[in-house]
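Let's have the full structure, built from the sequences with the hints guiding it.
Chain residues, written in single-letter form:
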Amino acid sequence: MQLSGNKNIPASVDKAYELFTNPEVLTRTMPGLKRLTPVSPGTYSADLEMGVAAIKGKYQGTMRIDDPNPPHSYRLVLDGQGSGGFVTVNMSVNFASSDDETQVSYEGEAQVGGTIASMGQRMISGVANYLMNQFFQAVAKEAVQASK
Amino acid sequence: MTQVIGQALQRHEDIRLIRGQGQYTDDMKLPGMVYAHIVRSPYAHAKITAIDTSRAKKMPGVVAVFSGQDLKDEVGLIPTAWIPPDADMKVTPHPALAYDEVRYQGDGVAVVIAESPYLAQDAALAVDIKYEPLKVVTDPFEAKAEGAPGVHTEIPDNVAFHWQAGENLDDIFQKAEVVVKHHFRQQRLIPNAMEPRSALAQYNAAKGELTLWATTQNPHIHRLLMSGLLGIPEHKLRVIAIDVGGAFGSKIACYPDEVIVSWASKKLNRPVKWTETRQENFQVTTHGRDHVQEVELAGTRGGEIQAIRVKTYANMGAYLSTAAPGVPTILFGLIINGAYKIPHASSEVFGMLTHTTPVDAYRGAGRPEATFLVERMVDLYAQALQMDPLEVRQKNLIRHEDFPFTNAFGLQYDSGNYQETLSKALEIFDYPKFRREQENLRKQGKYIGVGLSTYVEMCGLGPSEVAGAVGFQGGLWESATVRVHPTGKVSVYTGASPHGQGEETTFAQIVSQELGIAVDDIEVIHGDTQQIAMGWGTYGSRTTAVGGAAIHMANEKVLEKARKIAAHKLEVNEEDVSYDSGTFSVRGLPSKSVTFQEVALDAYLAWSLPPGIEPALEGTAFYNPKNFTYPFGAHIAVVSVDPDTGDTTLLRYVAVDDVGRIINPMIVEGQIHGGLVQGIGQALWEGAEFDEQGQLITGSLLDYALPKARFFPKFETAHTETPSPHNPLGVKGVGETGAIASTPCIVNAVMDALKPFGIDDLSMPLTPPKVWQAIRQAQGKESLHS
Numbered sequence: 001m002q003l004s005g006n007k008n009i010p011a012s013v014d015k016a017y018e019l020f021t022n023p024e025v026l027t028r029t030m031p032g033l034k035r036l037t038p039v040s041p042g043t044y045s046a047d048l049e050m051g052v053a054a055i056k057g058k059y060q061g062t063m064r065i066d067d068p069n070p071p072h073s074y075r076l077v078l079d080g081q082g083s084g085g086f087v088t089v090n091m092s093v094n095f096a097s098s099d100d101e102t103q104v105s106y107e108g109e110a111q112v113g114g115t116i117a118s119m120g121q122r123m124i125s126g127v128a129n130y131l132m133n134q135f136f137q138a139v140a141k142e143a144v145q146a147s148k
Numbered sequence: 149m150t151q152v153i154g155q156a157l158q159r160h161e162d163i164r165l166i167r168g169q170g171q172y173t174d175d176m177k178l179p180g181m182v183y184a185h186i187v188r189s190p191y192a193h194a195k196i197t198a199i200d201t202s203r204a205k206k207m208p209g210v211v212a213v214f215s216g217q218d219l220k221d222e223v224g225l226i227p228t229a230w231i232p233p234d235a236d237m238k239v240t241p242h243p244a245l246a247y248d249e250v251r252y253q254g255d256g257v258a259v260v261i262a263e264s265p266y267l268a269q270d271a272a273l274a275v276d277i278k279y280e281p282l283k284v285v286t287d288p289f290e291a292k293a294e295g296a297p298g299v300h301t302e303i304p305d306n307v308a309f310h311w312q313a314g315e316n317l318d319d320i321f322q323k324a325e326v327v328v329k330h331h332f333r334q335q336r337l338i339p340n341a342m343e344p345r346s347a348l349a350q351y352n353a354a355k356g357e358l359t360l361w362a363t364t365q366n367p368h369i370h371r372l373l374m375s376g377l378l379g380i381p382e383h384k385l386r387v388i389a390i391d392v393g394g395a396f397g398s399k400i401a402c403y404p405d406e407v408i409v410s411w412a413s414k415k416l417n418r419p420v421k422w423t424e425t426r427q428e429n430f431q432v433t434t435h436g437r438d439h440v441q442e443v444e445l446a447g448t449r450g451g452e453i454q455a456i457r458v459k460t461y462a463n464m465g466a467y468l469s470t471a472a473p474g475v476p477t478i479l480f481g482l483i484i485n486g487a488y489k490i491p492h493a494s495s496e497v498f499g500m501l502t503h504t505t506p507v508d509a510y511r512g513a514g515r516p517e518a519t520f521l522v523e524r525m526v527d528l529y530a531q532a533l534q535m536d537p538l539e540v541r542q543k544n545l546i547r548h549e550d551f552p553f554t555n556a557f558g559l560q561y562d563s564g565n566y567q568e569t570l571s572k573a574l575e576i577f578d579y580p581k582f583r584r585e586q587e588n589l590r591k592q593g594k595y596i597g598v599g600l601s602t603y604v605e606m607c608g609l610g611p612s613e614v615a616g617a618v619g620f621q622g623g624l625w626e627s628a629t630v631r632v633h634p635t636g637k638v639s640v641y642t643g644a645s646p647h648g649q650g651e652e653t654t655f656a657q658i659v660s661q662e663l664g665i666a667v668d669d670i671e672v673i674h675g676d677t678q679q680i681a682m683g684w685g686t687y688g689s690r691t692t693a694v695g696g697a698a699i700h701m702a703n704e705k706v707l708e709k710a711r712k713i714a715a716h717k718l719e720v721n722e723e724d725v726s727y728d729s730g731t732f733s734v735r736g737l738p739s740k741s742v743t744f745q746e747v748a749l750d751a752y753l754a755w756s757l758p759p760g761i762e763p764a765l766e767g768t769a770f771y772n773p774k775n776f777t778y779p780f781g782a783h784i785a786v787v788s789v790d791p792d793t794g795d796t797t798l799l800r801y802v803a804v805d806d807v808g809r810i811i812n813p814m815i816v817e818g819q820i821h822g823g824l825v826q827g828i829g830q831a832l833w834e835g836a837e838f839d840e841q842g843q844l845i846t847g848s849l850l851d852y853a854l855p856k857a858r859f860f861p862k863f864e865t866a867h868t869e870t871p872s873p874h875n876p877l878g879v880k881g882v883g884e885t886g887a888i889a890s891t892p893c894i895v896n897a898v899m900d901a902l903k904p905f906g907i908d909d910l911s912m913p914l915t916p917p918k919v920w921q922a923i924r925q926a927q928g929k930e931s932l933h934s
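In order, the protein sequences belong to chains A and B.
Note that the numbering used here has the first sequence beginning at 1, numbered continuously upward.
Note that the numbering used here has the second sequence beginning at 149, numbered continuously upward.
Think of the hints as simulated: they come from the structure by calculation, not from any bench.
Mixed in with the good hints there might be a few duds.
Okay, derived cross-link-like pairs now, BS3-like style, lysine-lysine, Cα gap no bigger than 27 Å in a straight line [claimed, not checked]: (1) K56/A with K205/B; (2) K283/B with K58/A; (3) K34/A with K205/B.
Below, the structure written as structure tokens:
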């Protein structure tokens, strides 16, 4: 499944980049992300909970920030396995300043396998977009709070 | 004698099934029974790098957790029991639980056994498995490409077998006036029997005996195969399948799940039951069809078909299921000429391994795939000649005087009158009138189409000698015991294993007719290897043709002995005894008589039997058919296609079938309806799809379009009856005809409707978006992606 979109974050490019790569911020803002434990620089072990309708999955895996080019871009690689199946995400995240905001855009691919893929196929991309939107809004809120 | 054969008697079995008093495997409850849940791979292809069962073992109610490592040295591999000859076949090693590598989404990895099915399911979530995902291939054509991921690394190019039949036709094709070439995709289908699969195993350690209740179409084949791979001798193994809620071929195979519970019951010394969920039924119960076909037809400009050849890439899935290799070879490749007198034919089939659910027989099994290609090719050939497809059929159908007809592959079609079924269909449906109406409606922007299909199929499987010659690892005869009790009531034991087809009634009608006793005095017993000595099961429309013929032979033995006893009692010579409607009487002296019941009692009391006659009254027979049977028919479908929505509406469906002699017309009608619904389902709605990672994305009844009753008009059915000359009852078989004939009939009709747009073929299923896109494209409009 293709993932792509963008959102304006009310913060400078440097601030936006910092927010999007801060494990504490990510744990607070990313829907379903329960815990991020640093393993090595840029690599975290992650606990995730995600689902479509009644089908919920718990995943354990790793989240990596690859090719960091602060404050312009990085690549987010997420790989989780669990009872409900698996989820992998590989997407580039780009930051561009626009007026006093930062346009954050993402583009990449997500793969979901197991029960959710078989049972919730029709809803997966809708749910993925919904979750991404939730995530960006939560980060935007953090940006507003940080600027206060 | 009143005529019982030919009566539309209501189905005897329905009384218990409708009341919920049947005995399906999942209905069984045994003291101390525990429940298995199989942990399945979410990946279509991956290395198993670690399995940790410790957390699951501590969960409430858990009795045991086993992984593939626990089983691998204790049970044999899941067998493949059809090895087509000269096909360089490589049997895929298929462990009951994967232990190193998983090869399709749903491949079993571990089993949790607990005190309740729900506790087992909960604990299954606590089995921690680490996978290393590997590359995946799902398409049978792509699987052969260089660099395609290997399903079994020891099998090069993913080719499990390469089978060929027929002659080299290059010369004929080069010289032909007209050659039509086309690619077809026979999409994958999911059988969806109403009852999911289930297995309950009970091991008796003291006796060393295993009883297995299982959803199988062929309990004796299960006993034979399971005995080998479990190491339990056949006389200590009992397989029971009393009521089975539909199968359509999906319950022929010997599955890992049955092996796992059998092994676990022995290990734990407790009865172990497993019942699949509907989701598992989608994922791991065998699928059907899935071919990529390259077809060529050669003919004259005058409409005479000279040759047909096909190269097929048949998707076998990740492992070769029990009967799977025979389906796209013997049951497909030998009958691609269909009902036509085509002098030359050749078939080439690659059995391709992919990271998908194993494929096996599905209603029609090979013959729908063959019928589809020839019936579509005939229409495309007619189009190339600007000739009416009806005319091309009439020119090429095998004629009545050609029977017995031997086709280009050596199959001998037993009997037929193809012109008669076609004429009858054309009596019901006014073809010239339709063509006129169609022309008028087109002018009004309304698109209706007519589709024809004339078919023949080989069924009544089959002569055992042929079974052996074509690599089927079993016989295909059938057994019957007709046991008359002292009161004259009768128990009939059949080695066939009906699971919804109504043979408890059909067989009782045969016995009632032939022994002259009431249907209510007869009980048909099937599906228990301890009660029935041997049998080969129910598939390939063989039950009445082969199992029924065995009963007929057993009846003859009963009557022969009863007549001797009656003659003795009546103090006349045997030749002087006549038998009618349950009474033996002396010829010319009807008042001197003895009833069948009295003879039965005499046989058991044995106070005064004729010299040399043993006590009791029963007949056992084993019938080995001389040939396959060849039902045939002509179907006509009328559809309308809405160009604004792409939606197809089925307006009429006419089916004229000749299935040989009809025992119970209501049951025959029901079988035809069921087959039609499944065949039309393939044409218009059904289709299994995997994504590029091998995830089954049509894994539920929400995502897989199983036809509903409201999708169909009232079917208009009629029959001709051409008895099979070699079958003692004259019957042929009806279970698969509808699914064989209807799919191309519908596609032909839709293509006929779309003719004004210049559309000559679309791949199945012909869903509204696909048809709508094609119309837009044809009109030069931009296509929209859904």
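Okay, the hints, checked on the actual structure:
{"no.": "1", "hint": "K56/A with K205/B", "result": "holds (22 Å)"}
{"no.": "2", "hint": "K283/B with K58/A", "result": "holds (24 Å)"}
{"no.": "3", "hint": "K34/A with K205/B", "result": "holds (25 Å)"}
In this structure, none of the earlier numbered hints is contradicted; all agree with it.
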